[in-house]
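Trainee: Chains as they are written, first to last, in UniProt numbering: chain A, 1 to 405; chain B, 1 to 405; chain C, 1 to 405.
Misleading hints may appear alongside valid ones.
A pair holds if it fits inside one copy or across any two, identical chains being indistinguishable in the list.
What the hints assert, rightly or not - In silico DSS-like links for lysine-lysine, alpha-carbon gap of 25 Å or less: (1) 31 / 213; (2) 239 / 358; (3) 358 / 105; (4) 272 / 189; (5) 190 / 31; (6) 31 / 56; (7) 358 / 373; (8) 56 / 164; (9) 164 / 239; (10) 172 / 42.
Keep in mind that the hints were calculated from the coordinates and are not lab data. Every value quoted in this text rests on a predicted model; they were computed, and no experiment measured them.
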Amino acid sequence: MKRSAISVGIIAMLSAGSAMAWETTLLDTDKPMAAQHITSAKLGIKAAKPFSVTTKRLHGGRQEGVTLVEIDTGAMKITVVPTRGMNVLHAVAGDVRLGWDSPVKQVVNPAFIELNGRNGLGWLEGFNELVTRCGYEWVGHPGEDTDGTLLTLHGLAANTPATKVVLSVDEKPPYTIRLKGELKQQAFKKVDFVIDTELNTVPGATEFTVHDKLTNQGDYAKEYQALYHSNFGTPLLEKDAKFAAPVREVSPFNDYAKADLPTWQTYRAPTKDYDETVYNVFPYGDDDGNTLAVLHNAKGELGVSLAFNINQLPAFSLWKNTDTEGQGYVTGLEPGTSFSYNRRYQRDLKLVPTIGPKESREFMITYTLLSGKAKVDDALKRVETIQNGRETTVREEPLVALPKH
Amino acid sequence: MKRSAISVGIIAMLSAGSAMAWETTLLDTDKPMAAQHITSAKLGIKAAKPFSVTTKRLHGGRQEGVTLVEIDTGAMKITVVPTRGMNVLHAVAGDVRLGWDSPVKQVVNPAFIELNGRNGLGWLEGFNELVTRCGYEWVGHPGEDTDGTLLTLHGLAANTPATKVVLSVDEKPPYTIRLKGELKQQAFKKVDFVIDTELNTVPGATEFTVHDKLTNQGDYAKEYQALYHSNFGTPLLEKDAKFAAPVREVSPFNDYAKADLPTWQTYRAPTKDYDETVYNVFPYGDDDGNTLAVLHNAKGELGVSLAFNINQLPAFSLWKNTDTEGQGYVTGLEPGTSFSYNRRYQRDLKLVPTIGPKESREFMITYTLLSGKAKVDDALKRVETIQNGRETTVREEPLVALPKH
Amino acid sequence: MKRSAISVGIIAMLSAGSAMAWETTLLDTDKPMAAQHITSAKLGIKAAKPFSVTTKRLHGGRQEGVTLVEIDTGAMKITVVPTRGMNVLHAVAGDVRLGWDSPVKQVVNPAFIELNGRNGLGWLEGFNELVTRCGYEWVGHPGEDTDGTLLTLHGLAANTPATKVVLSVDEKPPYTIRLKGELKQQAFKKVDFVIDTELNTVPGATEFTVHDKLTNQGDYAKEYQALYHSNFGTPLLEKDAKFAAPVREVSPFNDYAKADLPTWQTYRAPTKDYDETVYNVFPYGDDDGNTLAVLHNAKGELGVSLAFNINQLPAFSLWKNTDTEGQGYVTGLEPGTSFSYNRRYQRDLKLVPTIGPKESREFMITYTLLSGKAKVDDALKRVETIQNGRETTVREEPLVALPKH
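Construct the entire structure; sequences and hints are all you get.
Mentor: Right, here's the structure in full:
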């Protein structure tokens with residue numbers, strides 16, 4: 001456990017599980033997020049790829065006070081937003097960017113958003129991340145729940161600032177880098193959820209894992225929903241880009257999505273007035289429930305895969321927002337407990353699970369950049385392996401008959 | 001008026017009324033709240049008990065930017081939250097805590113709350129204090145007022161950050177410590193209220209007084225309501241803990257509270273699915289209107305009293321939220337101008353008073369820790385003295401016939 | 001280009017258009033607003049009148065974190081609020097103040113306002129400026145638009161903090177001082193507006209110009225509305241103060257305003273229970289569309305003029321809130337694209353224009369203090385010149401038949 005002296009004095013050695021790890025608290029009740037630049041060299045870690053972690057604070061406009069943590073693995077820069085539910089803003093590897101170009105150019109501090117504004121669509125004033133957490137009381141379109149309460153778009157998670165943020169680096173290979181952030185969703189009589197989020201990666205990697213644990217700290221069983229709104233624009237998304245996954249069932253989200261059902265796995269070029277189509281997918285998993293969703297460009301030379309488990313995240317939304325670039329040319333690969341209907345519609349679908357008192361639920365997704373045809377092909381082969389010849393049910397009709405406006 | 005030199009340079013000598021007092025402005029337009037630790041020793045005050053005042057700022061999550069002022073009398077630590085309406089977070093004397101364990105663990109900055117969220121119940125996302133100010137335009141359950149405006153739960157006071165905070169210490173015995181905070185509730189055409197709050201105590205005390213002055217700065221008479229939501233959990237609250245007050249009339253808040261009316265002055269142990277019962281009380285006062293409400297534990301060896309005046313605060317709500325500990329095992333002793341019905345229902349009860357232009361109303365409550373059987377008995381005796389054999393009317397039916405949901 | 005050394009190191013020389021100018025960024029993503037005091041002497045500028053620019057940050061209450069920029073031309077102190085849409089708080093020349101006394105005494109940080117509160121009237125909790133920007137998606141009274149969305153009073157502009165603020169001073173006479181602030185109104189799928197605001201003045205001036213450019217960065221045409229809520233109290237406003245403009249058509253905003261239509265250009269003394277009357281004016285312009293609106297005191301010795309162009313701002317609201325001083329004795333001279341009806345009512349009036357993708361619209365208003373009878377008379381003469389004997393249509397009935405409550 002040789003290491004260089006740490007002059008900044010903020011790094012301590014802790015046992016994290018069985019392995020020894022460097023650990024530093026970046027944010028806590030008595031500790032504001034300070035500007036820091038932590039490097040593997042400073043930590044005395046001899047990883048093959050030097051890595052670094054940089055924190056900063058944004059100013060001006062609705063960004064005032066927002067903090068960012070950028071993990072540079074040496075091969076990919078992953079930017080996390082503690083102020084916005086530990087969302088992943090983007091991940092950049094060389095000239096490939098995982099993420100998208102939203103019209104929303106600021107990283108918006110939740111203090112400046114009214115989620116109840118725009119009839120429950122206020123969330124759209126801050127939406128621009130690669131990975132946006134949705135939940136955990138509800139997800140889906142805004143509207144009144146059966147008891148008359150307005151449920152705002154996709155819940156509070158993305159606009160919940162992390163109460164505590166801890167960075168750790170394992171002292172042994174592969175020197176796993178972990179950024180943990182705690183989210184509290186608490187309201188007297190209503191909810192007592194804590195979400196322990198983690199993003200981990202390793203030096204030199206062009207992938208990262210989001211690993212969250214939702215705990216119901218309350219004394220009563222509660223409904224919950226989770227959805228990981230994972231969004232990709234160019235260069236992955238383009239005309240004839242494709243989506244692949246082992247699919248047990250697919251159906252159009254609404255009537256509008258019916259027309260493109262035959263080509264639901266292929267993307268259009270930016271298309272004026274297209275707006276969006278959404279397809280509700282129930283993926284197959286392997287014997288352990290593990291599955292893989294893949295997005296790749298037209299030539300099949302560049303892509304991304306999301307590895308997750310259908311026992312944790314059984315419902316998968318494919319959101320195809322192939323409108324113009326200025327409108328936000330983007331697709332969402334969205335593993336969830338639920339689809340994007342308002343919660344009131346999902347109970348009948350058995351997609352509003354409950355979590356008992358003191359129980360926890362884990363959600364894990366690994367995002368892997370697929371650089372080159374070989375890696376894309378490997379991922380597609382894995383999809384085929386999981387599908388294993390099993391049939392795909394294509395439902396022509398939406399699962400929910402939404403009211404006409 | 002001998003005193004030691006004050007190096008910090010922030011303490012000035014002012015005449016406060018007739019007495020001389022040390023005074024320092026902790027927060028003002030041109031002065032952010034800074035971390036301070038002020039001690040009686042530094043002030044050169046020779047009180048029998050050394051005391052101190054500490055200010056700090058919280059970070060992370062929805063706490064970002066929240067300031068606290070902790071007054072340590074030498075016998076009790078009283079924590080006030082300027083960012084949240086000068087509410088009293090808790091008061092701790094040795095191993096006795098006045099306050100409660102809410103599922104809401106953060107001291108929430110109002111910037112992060114939408115009071116209009118959850119159909120007007122957003123307030124619950126920040127509710128965890130010992131003394132939470134409710135008002136001053138309205139109190140009570142959320143719902144539309146007669147003109148169609150959504151009144152959010154218990155008004156804006158608890159989520160109104162203080163504009164100016166001043167600490168003073170009298171230079172003569174009993175060296176009264178005063179923390180003053182100014183709240184502004186102003187909206188063009190709607191309201192121009194200023195609430196001059198004060199919390200005072202003395203060195204060595206295990207009691208404190210909240211003394212507020214509401215002023216209608218506007219040119220028109222306005223409706224107003226005030227309610228001091230004073231909340232106690234363990235160790236005072238427990239199975240067979242009891243409430244006592246001189247009672248002129250008591251009635252159940254709603255149909256659900258009817259069942260427990262016979263035992264309304266006794267508390268249950270934490271009870272799953274109990275939710276809450278509320279009893280509307282009109283207390284008797286003595287010839288000057290002074291009255292006393294007492295909560296004590298089962299053995300009658302530990303309690304708290306609230307001394308107030310029924311000419312200021314004629315309506316008293318006893319809120320019995322004896323649900324599970326995780327749900328928030330708590331009782332509220334709530335002196336007010338009004339009960340907790342939505343304002344629209346209280347006009348007929350004559351519990352929506354008006355305040356004329358430039359008029360003021362004062363509200364004063366003294367919270368006293370009762371340590372030991374003697375002190376509890378003294379308080380109960382005082383209650384009996386005020387009751388003075390006068391009759392208690394027990395109304396079986398709620399004052400308001402609330403609509404069924 | 002001789003100049004003194006600038007020790008602060010924040011001033012750089014840039015070419016702004018054709019002229020050379022000092023320029024400094026006061027606020028940007030990586031630059032918080034710092035307390036500064038910049039003087040013409042420090043800049044080495046030999047203007048006839050020394051001038052200065054001072055920045056500061058406010059604390060306490062709902063002001064926490066608000067920044068101000070005060071431009072002192074040497075003859076007038078103009079205070080701008082970057083945190084509130086670059087609004088102009090007030091402009092003071094000697095003992096004459098342009099601005100008014102609102103019951104709202106704080107300069108409110110938008111983080112603490114819920115615009116959706118008070119049924120869409122939350123905006124009133126922050127309204128106290130001389131120039132309050134309204135728009136740019138909508139202006140007008142709150143209420144549901146035809147699609148059911150609650151439009152909050154006067155849009156988001158006034159509660160949009162500027163993302164970037166730049167100060168520049170031309171290096172050649174007249175040494176124009178420019179304060180530029182960028183506002184972003186962006187919501188995925190809904191809007192992508194950027195408003196480049198500018199306030200400019202010159203050393204020694206008692207006037208300033210607001211010059212804004214609205215750009216629709218999106219790929220779709222959008223509805224927009226703008227209204228410059230320009231508000232004046234004493235000493236300009238008083239009994240028998242008068243309004244003058246070249247008027248093509250005037251009509252009462254609603255039934256209540258009908259009664260005072262005969263005297264719509266004359267002001268009352270503060271009048272209890274008057275509330276407000278509003279008159280909808282279509283001004284005449286000269287051949288280029290330029291027009292002038294004038295407010296002056298009873299003796300015609302003190303006034304203000306607003307010079308603007310009816311091709312940019314065709315609709316003008318005269319808001320006469322001559323209620324008591326405490327209620328806010330104030331008149332609004334409001335050049336706009338639209339009147340103050342809810343957007344749903346203005347489409348039929350052709351007062352909800354659209355802006356195509358990548359298009360811009362400019363809005364320019366020059367506010368000039370008129371000191372002395374000569375200047376007031378000159379302004380009134382200019383009004384007459386523009387009117388040029390053309391007829392004024394006085395409509396007795398409001399343009400919109402509002403529903404009765």
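Trainee: Hint by hint, say whether it matches the structure.
Mentor: Consistency of the hints with the structure:
| no. | hint | in the structure |
| --- | --- | --- |
| 1 | 31 / 213 | within (24 Å within a copy, 36 Å between copies) |
| 2 | 239 / 358 | between (47 Å within a copy, 24 Å between copies) |
| 3 | 358 / 105 | between (39 Å within a copy, 16 Å between copies) |
| 4 | 272 / 189 | between (46 Å within a copy, 13 Å between copies) |
| 5 | 190 / 31 | neither (29 Å within a copy, 37 Å between copies) |
| 6 | 31 / 56 | both (14 Å within a copy, 11 Å between copies) |
| 7 | 358 / 373 | neither (46 Å within a copy, 38 Å between copies) |
| 8 | 56 / 164 | both (16 Å within a copy, 18 Å between copies) |
| 9 | 164 / 239 | neither (42 Å within a copy, 36 Å between copies) |
| 10 | 172 / 42 | within (16 Å within a copy, 51 Å between copies) |
Violated hints, listed in ascending order, are 5, 7, 9; each of the other numbered hints is respected by the structure.
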